[in-house]
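Asks: For reference, the chains in residue letters:
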Amino acid sequence: MQLDLVPLWAAIIALGVFMYVLLDGFDLGVGILFPFAPDDASRDLMMASVAPIWDGNQTWLVLGGVALLAAFPLAFAIIMPAVYLPILFMLIGLIFRGVAFEFRHLSPRRQRWDRSFFIGSLVATFAQGLVLGTYVQGIPVAGRHFAGGSFEWMTPFSLLTGIGLIAGYGLLGACWLVMKTEGPLQIWARNKAKLFLFGVAAFIAMVSIWTPLLQPQIAQRWFAWPNLLLLSPVPVITLALFAWLLRSLVRDRDVAPFIAALGLFLMCYIGLGISIWPMVVPYTITLWAAASAPKSQAFMLIGTLFLLPIIVTYTGWSYWVFRGKVKAGSGYH
Amino acid sequence: MSFDAVFLSRLQFFWVVALHILLPAFTVGLASYIAVLEGLHFITRRPVYLRLSQFWLKVFAVSFGMGVVSGIVMPFQFGTNWSRFSDAAADIIGPLMAYEGLTAFFLEAGFLGVLLFGRARVPPWVHFAAAILVAAGTLFSTFWILAVNSWMQTPVGHSIIEGRFFPADWWAVIFNPSFPYRLVHTVTAFYITTALVVAGTAAYHLRAGRFREEGVTMLKQAFGLLTILVPLQVLIGDLHGLNTREHQPAKIAAMEANWQTQSRMPLLLFAWPDERAEENRFEIGIPVLGSIILTHERDGIVQGLKDWRPEFRPPVAIPFFAFRLMVGVGIVVFLLVVLSWWQWRRGRLGDTRWFLRLCELASPLGFVAVLAGWVTTEVGRQPWVVYGLLRTGEAVTPSLTAGDVLVSLAVYVVAYIAIFGAGGYFLVRLFRAGPVPKVVHEPAGTPARPLSAAAEAD
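Quick mapping for you: the protein sequence lines, in order, are chains A and B. Position one of the first sequence corresponds to residue 1 (the numbering used here), numbered consecutively onward. Position one of the second sequence corresponds to residue 334 (the numbering used here), numbered consecutively onward.
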């Protein structure tokens, strides 16, 4: 009798993807806010606040992707072709974003790489939103293959989630800067956070109404009795977090807005999970149907259970090393 | 050959890997070199080691960043362009790639920030430890990704059910027959590549009469390492070749453009393989030497390409010329190392201008050899993606259209030319600026823009 590792692997991958969304979310958000900063000195500070950690943040994307390949290969083999072009946009965006950290210090034309940082972050974020939308609206499957066309991802719903994610990452980035900066830059970031918060609220509302209309089974899951009652904490806590975030911004708190923004992302993520469970390719292939061999999942699990706590520890330590408000001239250049 | 989704996807994979591999080829060795410099400084407290480490860290930050962002592309290619390969082989290769992420990428990323930005924030021994851990991360990464590649070259330790590969014995999967040879051969090549760049940079400044202490130190370190590794690489390469002949004889036949199974095979110095006529034109060879190299016997028998039906043969010309390019570079580097012994004995390692000029010219040779070797082994694996078991043409994503791939290939070509062009230009400027002292910051508290060393040197 083999222990069923599928739920555990689903949880590990869900955690990996969520860590990616939170962590790269805030540094992509910093990129989205970048060109609107008050001055060049502010931009240097914004960059310096994420420079030591962005690489680690982005590593969660690799983990999420590769763990999906390893634990649910069929899902990987169907989802990736379905979002062929959005994945391309995302990767190219991440490339232009990532090289800008170093290139802007080396180039005589700094503005060019500042623009590369901004556009790269914006494109990567939008593309991730497209992937999310395509995923939620459901992926056509025939046998073991993706059965749609090259532009399956280009729908009003996925465009909405694309723009929504820009607002979301923008909010995370602004709240990160509220936490990591001081003075005029912090005030600026706080104002931007308020702006993005209302955008995020609007998009959460639209997506929450639209998603059940996409799939009757999602509507069924949320609105059938007694689910309606059991799941009611999800929207209630989301609303409470929204109120807390707004209040902490108005009251000039440093850390609370970032925590509350993370909370908002968590609630959206939980909501998504409730909608699609137990599918891994919505709405045809379950986690169990897509799972790799128990021997593959077990082999990976031994190392993961041992290594993941160590990774979280030293990653946390590296955040601790760079704790506090970011100061000018903290780079090594 | 038609421009279908398969061919274009292969072209795209070639393009994104070929440019990506240039960075690990350099940063794996550079991370170890920086760890050594940090260690030397930690123990001896000599300022020259700190200056060198700070200089190479700047280079490392640029090249490692490029390596990270271009590396993310690869695993996604497996899903977007090679979904049938992913579906068939993920149970085997997926866990190995996951271990690469868990043991290598997080380690590199977690300690890179401290290594680059944390010198003033952590005790010296922690900073030194961070350098070691980043270097270890690059080597772990090499280990796992070459385990994947080697399994695709010499697959064992699996069972096949309905066209999908399932693990039977993980030890056998990881330590498959070609893996130990490929790992040692590749890591040695990476270290040699870095040493040649270090030597070339030192030579450039010594010739210009700058950074005397740094230059001589780098030159001695580089040629000290090359003295050990280059002769060793000849030996390892030979063993790797014997291993390939045993497990992938068709690849060896293509590398040698050997059509007929024969004993006393000549070593071809030049030939123009004609695949349609199944023969070579313009052959120039040394009798019997091919058999001696490949079998270590004068009468050793080497299989010819005609033993395989045409649809089971790899392309011939590409592995044939790429292999000769790699070996040719190896011979040139070997001669350079011999010259360095002579210069070192005379005590003029940092003074002989023509030798320094040669070192400068040789600095990109490692990259040439790595690319040529990679092309040899990957094209030589064709027509298989998993050798002997899954054909490349059957591994591609079914829903993919040629138009899709044409778009993505065009985007990758344009983007990589821009990024690698700019990155290469910045790196050359950093090399030419040399180990200039660390930038002076304004007193703490006042806003100071970090200046770049490269911009300052102009």
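Check before you lean on any hint, since a few could be wrong.
Label-pair restraints from in silico Cβ distances [claimed, not checked]:
{"id": "1", "chain 1": "A", "residue 1": "P309", "chain 2": "B", "residue 2": "K639", "range": "27 to 35 Å"}
{"id": "2", "chain 1": "B", "residue 1": "W348", "chain 2": "A", "residue 2": "T284", "range": "29 to 37 Å"}
{"id": "3", "chain 1": "B", "residue 1": "E608", "chain 2": "A", "residue 2": "S150", "range": "33 to 41 Å"}
{"id": "4", "chain 1": "A", "residue 1": "T313", "chain 2": "B", "residue 2": "W504", "range": "26 to 34 Å"}
{"id": "5", "chain 1": "B", "residue 1": "F340", "chain 2": "A", "residue 2": "N191", "range": "46 to 54 Å"}
{"id": "6", "chain 1": "A", "residue 1": "G324", "chain 2": "B", "residue 2": "F508", "range": "42 to 50 Å"}
{"id": "7", "chain 1": "A", "residue 1": "P35", "chain 2": "B", "residue 2": "V489", "range": "35 to 43 Å"}
{"id": "8", "chain 1": "A", "residue 1": "S150", "chain 2": "B", "residue 2": "I750", "range": "47 to 55 Å"}
Keep in mind that the hints were calculated from the coordinates and are not lab data. Since this is a predicted model, take the numbers as computed values, not measurements. Ideal Cβ placement from N, Cα and C applies to all residues, glycine included.
Asks: Look at each hint and say if it fits the structure.
Replies: Hint-by-hint comparison with the structure:
1. A:P309 <-> B:K639: 27 to 35 Å: Check failed, 57 Å falls outside 27 to 35 Å.
2. B:W348 <-> A:T284: 29 to 37 Å: 34 Å, holds
3. B:E608 <-> A:S150: 33 to 41 Å: 34 Å, holds
4. A:T313 <-> B:W504: 26 to 34 Å: 29 Å, holds
5. B:F340 <-> A:N191: 46 to 54 Å: 53 Å, holds
6. A:G324 <-> B:F508: 42 to 50 Å: 47 Å, holds
7. A:P35 <-> B:V489: 35 to 43 Å: 54 Å, violated
8. A:S150 <-> B:I750: 47 to 55 Å: 25 Å, violated
Going through the hint list in order, the structure does not satisfy hints 1, 7, 8.
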